[in-house]
Every structure is written in structure tokens, then in C-alpha cells.
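Each chain, letter by letter, is given below.
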Amino acid sequence: MNENDTKMPQPPLPKGEPLEMLHGRLQMQTQQAGESVPDCLSRRTFFAKLCIGLSGVCGLILGVPLVGFILAPLLRKVPEKWITLGPAGEFEVGKTVNVNFVDPSPLAWAGMTARSAAWLRRVSETEFIAFSVNCTHLGCPVRWLPDAELFMCPCHGGVYYKDGTVAAGPPPRPLIRYEVRVVNDQVQLKSQAIPIITTL
Amino acid sequence: MAVWRWVDDRVGISDLVGPAMSHLVPRDAKWWYVFGSATMLAFIVQVVTGVALAFCYVSSSSQAYETLQFITNEAPFGRLLRGMHYYGASAMVLMVGAHLAQTFLSGAYKFPREMNWVTGVLLLGMTMVMGFTGQLLRWDQTAAWSVVVAAEQAGRVPFIGDWLARFILGGNTIGGATLTRFFAIHVFLIPAMLFAFIAMHLWLVLRHGISETPVAGRPVEPKTYRQWYHEFLEKHGHPFWPDGAWRDFVFGTALIVVIALLAFFVGPPAIDRPPDPSILGADPRPDWYLLWYFSLLALIPPQVEGYLMILVPVVIGTMLLVVPLINNKGERAPSRRPWSIAVVLLSVITIGSLWAVGITSPWSPNFNPGRLPVSVIGTTTGAVFQGAVLFDEKGCLNGRLVCGQGGRRVADLTYVGDKLTKDNMVIRIVNGGVNMPAFGSTLKPAEIDELVAFLSSRKRVEKSGQNF
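Chains as they are written, first to last, in numbering that gives the first Met the number 0: chain U, 0 to 199; chain X, 0 to 467.
Do not rely on the hints blindly, as some may be mistaken.
Unchecked claim - Listed next, the stretches of chain U that the computed footprint assigns to chain X, with coverage defined by at least 3 CB atoms under 8 Å from CB atoms of chain X: (1) 40 to 53; (2) 63 to 77; (3) 82 to 96; (4) 158 to 167; (5) 172 to 186.
Stated by the list, open to error - Listing some non-contacts, in silico: residues in chain U with all C-beta distances to chain X over 10 Å: (6) G58; (7) I60; (8) S123; (9) E124; (10) K189.
Just so you know, the hints here were simulated from the structure itself, not pulled from any lab data.
Glycine residues also receive a C-beta, built at the ideal position from the N, C-alpha and C atoms.
Start from the sequences, fold in the hints, and give me the full structure.
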């Protein structure tokens with residue numbers, strides 16, 4: 000560090016110089032240097048295109064794995080599996096109950112978020128129906144009011160009858176049903192994705 | 000000083016910052032001009048507190064909830080930092096809104112500052128995305144269900160809706176991949192874009208200068224404005240530092256003090272129950288700055304909801320972006336642009352009203368209405384009493400108000416006996432009505448009679464000395 004250091008001379012900055020003017024100025028300088036204009040422009044154009052092209056290659060090298068990685072969960076195939084809920088005798092005819100189960104193919108770090116729920120109704124000795132807990136309006140979890148025999152949504156007031164049809168409020172469709180079966184006296188429900196409702 | 004001169008010579012700090020500090024700003028740019036810098040300061044608060052929180056927060060679906068509990072209840076300064084991050088977000092939303100309104104009212108988006116406005120609108124959008132994703136990182140029950148709500152909304156987009164919804168969820172359901180993507184978006188992706196666009200926004204402020212206070216009868220003429228502005232600054236300008244900047248520092252300091260005081264005395268928002276999708280007693284609500292949109296979704300007529308849910312954000316965003324492109328010259332003074340005052344007032348009233356109604360959410364059922372007391376029923380025997388019991392049991396009180404008790408989803412039935420005849424009541428009970436289920440298949444005729452007896456007794460007139 001020296002007090003006598005001279006301050007670095009500042010090159011004149013072309014303030015607000017349009018690109019065409021800059022190009023023209025450089026062209027003039029090139030002409031003054033005695034170089035042939037077409038060759039020089041051609042060489043410069045080549046380098047410019049080369050740099051732009053290489054930038055695109057770099058972008059692809061970085062971008063393809065990035066986009067692929069982000070979209071990977073969409074491509075991950077999760078097989079629908081039958082989940083055993085319990086012996087048929089545990090479910091009373093005419094009653095609707097909340098059943099909990101675990102996502103059959105969770106990521107290892109999913110923790111409690113791998114759990115899920117459905118509303119299971121035993122209609123008769125042989126018939127079971129199961130509803131998704133997601134309101135068909137915007138997906139909030141509907142609750143069952145046993146005395147009223149209605150499902151109600153806490154978010155925007157959607158109401159459904161016991162068969163899942165819309166009773167009131169904004170839901171555009173009945174509650175989505177799960178497939179249910181009884182195998183060896185065990186009630187089983189087929190896992191499925193959160194239903195995404197499209198109305199258009 | 001010698002050290003500083005050496006460093007400055009080699010690094011060029013003065014050359015870099017000097018022109019920005021010494022550039023002339025209009026002398027009349029006073030307190031109305033502090034909202035932009037306040038927004039940036041709030042963003043800095045978010046960066047600082049966010050970095051601090053990231054030292055402890057684990058963005059795993061299985062552990063985030065526990066780390067938040069630790070940050071809030073055990074970590075030194077954790078509660079304060081969480082609070083500052085929350086109130087900093089609130090301040091950023093408020094300030095960017097005030098900045099938008101001030102810029103619009105004063106016509107500052109006109110030539111040559113069109114792109115200042117456009118970049119500002121994009122920054123507003125990014126701020127709202129940060130607000131929403133930030134709430135999700137709280138990763139409690141409300142956050143988890145809010146992801147589902149967001150996915151369902153995205154699902155309404157034609158053709159690619161299902162794909163967008165799965166992208167938001169990180170798969171087919173909430174799970175291990177859900178939180179991490181919102182963490183990456185909230186902590187890396189959007190902040191990087193915010194930094195880039197703030198830099199561009201500031202560069203444009205320096206390039207075109209801070210707009211002068213509008214004066215009626217002094218319209219913007221693009222052909223002559225730049226020359227006029229520079230002459231104006233020569234006569235009526237003063238350096239930004241410190242003549243123009245001191246108000247930004249005073250207001251900004253006050254803002255940070257308020258954020259810290261709120262964080263200290265009020266504290267961060269409560270953490271709801273764990274994000275377990277099998278717990279169905281959830282009541283998801285967005286944070287206050289998106290509560291108005293939550294209300295809008297409840298109040299849109301169902302017939303057009305699918306269209307409006309997509310079109311409203313697109314139309315609002317497009318309108319904001321094209322404002323300076325269709326109106327970039329002429330008068331700037333609000334007194335000569337009364338429609339601009341109307342637009343701002345209408346926006347504030349609309350959003351404010353939706354926000355206010357969102358607090359009570361009268362469209363949501365009351366899941367804990369209790370039972371009607373005898374003092375309201377007026378008797379403990381007979382059809383009226385039995386009807387009141389049925390009214391409770393059949394969930395009628397979840398959606399209806401009686402003497403201030405129950406839900407507000409449908410109607411206040413306190414004096415329904417004055418409004419409907421018994422026949423009308425029977426028809427409505429059996430067939431249902433607006434926002435009311437039909438009970439024809441679940442009630443026996445005798446039960447309907449009891450319900451009607453109870454409802455008919457809900458009158459203003461006195462009966463046997465009892466005022467119902």
C-alpha cells in the first residue's frame with residue numbers, strides 16, 4: 000500500500016450508448032487499423048454466435064437434470080394397492096366411521112405425512128362404500144356428523160349426504176369413492192391419489 | 000483513512016456506489032416516497048431472520064414440525080426470530096401494497112418508468128408466493144391441508160391442471176416430497192428471483208430517476224419529458240444521500256422497531272396440530288394476507304367458480320402489467336385522474352371487505368355449536384322441546400344461528416316463526432333450500448312436526464310472558 004499510488008485511470012464509459020453506435024464505433028476503429036471489414040465482422044460474428052451457442056449448451060447441461068429432478072415425483076409410479084382395514088365384523092351396518100391407513104409406498108422420510116384416512120360406511124351385510132375425505136370443492140377434510148347423517152366441510156361450507164352426493168354449498172361433485180372389497184372376511188380399500196377435481 | 004483509500008482505489012467502491020448516493024432526487028419527494036425502501040428493508044429483515052431460522056429448521060416432512068416446536072419453545076431467540084419473520088412478511092406485503100397504490104395514484108408508472116412498474120408488479124407476485132410458501136413451511140396441520148387446497152386450485156386449470164396439482168403435491172399425495180419442494184422454492188428459487196428483480200428495479204430507479212411529485216396541468220410528454228426532468232432536477236433536486244434518504248431511514252427504523260415489538264410482545268403465529276393427514280379435525284385458513292382470497296373462493300357463485308378461479312388471478316395480473324403500456328403519458332396528478340382514486344378505493348374496499356368477512360367465515364359450519372339452552376328453547380317438554388333437541392342433533396345448529404348460538408352458514412333463525420308459515424317450513428325441511436340439505440329422507444313425519452313446532456315458536460311476540 001503506497002500513498003503515492005496513482006489512481007487507476009478510468010476508461011471513458013459510453014454512457015447510454017446504443018448498441019448500434021457502439022458497433023459503428025468499433026467498426027470505424029477496425030477500419031482505421033487497416034483490417035478488412037468483412038473478414039473482421041465475419042470473425043466477430045462467428046465468435047458471438049459461438050459464445051451464444053456454448054451458453055445454450057451449458058444451459059442444457061445444467062437445465063435438463065434440474066428439470067428432470069424437479070419433475071421426478073410426477074413420474075414416480077406408485078402402484079395402487081389393497082389395504083386391509085380390519086375384520087368386517089368390526090364395522091356396524093348403517094354406520095359411517097373414519098378409517099386410517101398408511102400410504103403403501105411412502106418415501107422413507109415421510110413420517111406422519113404417510114398416513115391417510117377415509118370414511119367407510121357399511122351399507123348392508125355385504126356392501127361397503129368408502130369416501131375420500133377430501134371435499135370436492137378444494138380438498139379440505141370433510142367431517143361426518145352421525146346424528147345429522149351429513150358430511151360437512153370446514154373450509155367453505157360444502158355439505159354431503161351419507162351417500163356422498165352434494166347436499167349444499169360449493170362442491171361441484173359428490174365425494175370421490177374408493178374401491179372396497181371383502182376378502183377372507185377382511186375389509187380392504189384400494190389406495191388412490193388425492194382426487195384432483197377439474198371442472199372446465 | 001489511508002487504508003480506506005487504498006481499498007477503495009483497488010475495489011472501486013466509491014465509483015460503484017458514489018453515483019447512486021449522489022444522484023439528484025426531487026426535493027419534493029417526501030414521506031409518500033418511503034414505501035419502496037420500506038419494502039426492501041422488510042425483505043432484508045426476511046433474509047436475515049430466514050437465514051437464522053434455516054440454521055435449525057429441518058425441511059423434512061417427518062421432522063419439520065418438531066424443529067419448529069424447538070425453535071419456538073426452546074431455542075434462544077427462536078420465538079423472537081420466528082415472530083420477526085412472520086411480522087416481517089406482513090410488513091413486506093403491506094409496504095409493497097402501499098408502494099403499488101402510491102405509484103399508481105401519482106401516475107409514476109408513466110414514461111419513462113414503465114418497466115419500473117412492470118418489475119414492481121412481478122416483485123409483488125413473488126412477495127405473495129413467498130407469503131404462501133412461508134406459511135406452508137410452518138408444516139402443521141393447516142399447512143399440510145393448505146397444500147391440498149393449492150393443488151386443487153391448480154387442478155382447475157384446463158388441460159394441465161392435474162399435472163400442476165401433482166407437481167405441487169410432489170406426487171399423488173402429501174408425503175415426503177411435498178415439504179422439500181416448498182422449502183426449495185421459498186428459500187432458494189423465489190429469493191434468487193427477488194434479488195435479481197430488486198436489483199433491476201433499483202437500477203431502473205437510478206436510470207430514470209425518482210419521479211417528481213405530480214402537479215395538475217403538468218402532463219408527461221414522452222418527447223420532452225427526459226430533458227424537462229433533468230432541468231427540473233438541476234433547479235429543484237438535491238442529492239439522494241443524505242438529503243433524500245433520511246426519511247427512508249427514519250421510516251425504515253420505525254418499521255423494524257414495530258416488527259420487533261410485535262414479535263416480542265405478540266409472538267409468532269401459533270403452531271397448529273401435527274401435519275398428519277389422518278387427523279380430520281382440521282380447519283385450514285391462510286395467513287391474513289391471503290384471507291381475502293379464501294373468502295372470494297367461498298363467495299363466488301358455484302356456477303362460474305371454475306372459470307373465475309383461473310381468470311381472476313390472470314386478469315388482475317395482466318391488467319397490472321399492461322397499465323403503463325396503455326397509458327404512459329398525460330396527466331399524473333390524481334385530481335386529474337379521478338378514476339385512479341376510484342380504482343384504489345374500490346380495491347382497498349373489496350379486499351378489506353373480503354378480509355373482514357374471512358375472519359368470521361360465516362360460510363363455514365360451526366362444528367362446536369353446543370346445545371340450545373332451555374332459556375332459548377323456552378320449555379323442557381312437548382313438541383317444541385323435542386323439536387329443539389332434533390334441531391341440535393340433525394346438525395341444524397352447525398349452520399344456523401338461533402339467539403346468537405350456532406353457525407352462520409345459512410340464516411339467522413331466531414325469529415323464523417315470524418317469517419315462514421308452517422307449510423313453508425315443512426317444504427324447506429323436506430326439500431332443502433339454498434345452502435340447506437333436504438331432510439325428507441332422514442326425518443320421520445312426527446320428527447318434522449316437532450321441528451316445525453320448535454321453529455314456529457321462534458317469534459318476537461311474547462308467549463306466556465316469555466319473549467323468544
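Checklist entry - Can you give the numbers of the hints that this structure goes against, from lowest to highest? => result Violated hints: 1, 3 and 5; rest satisfied.
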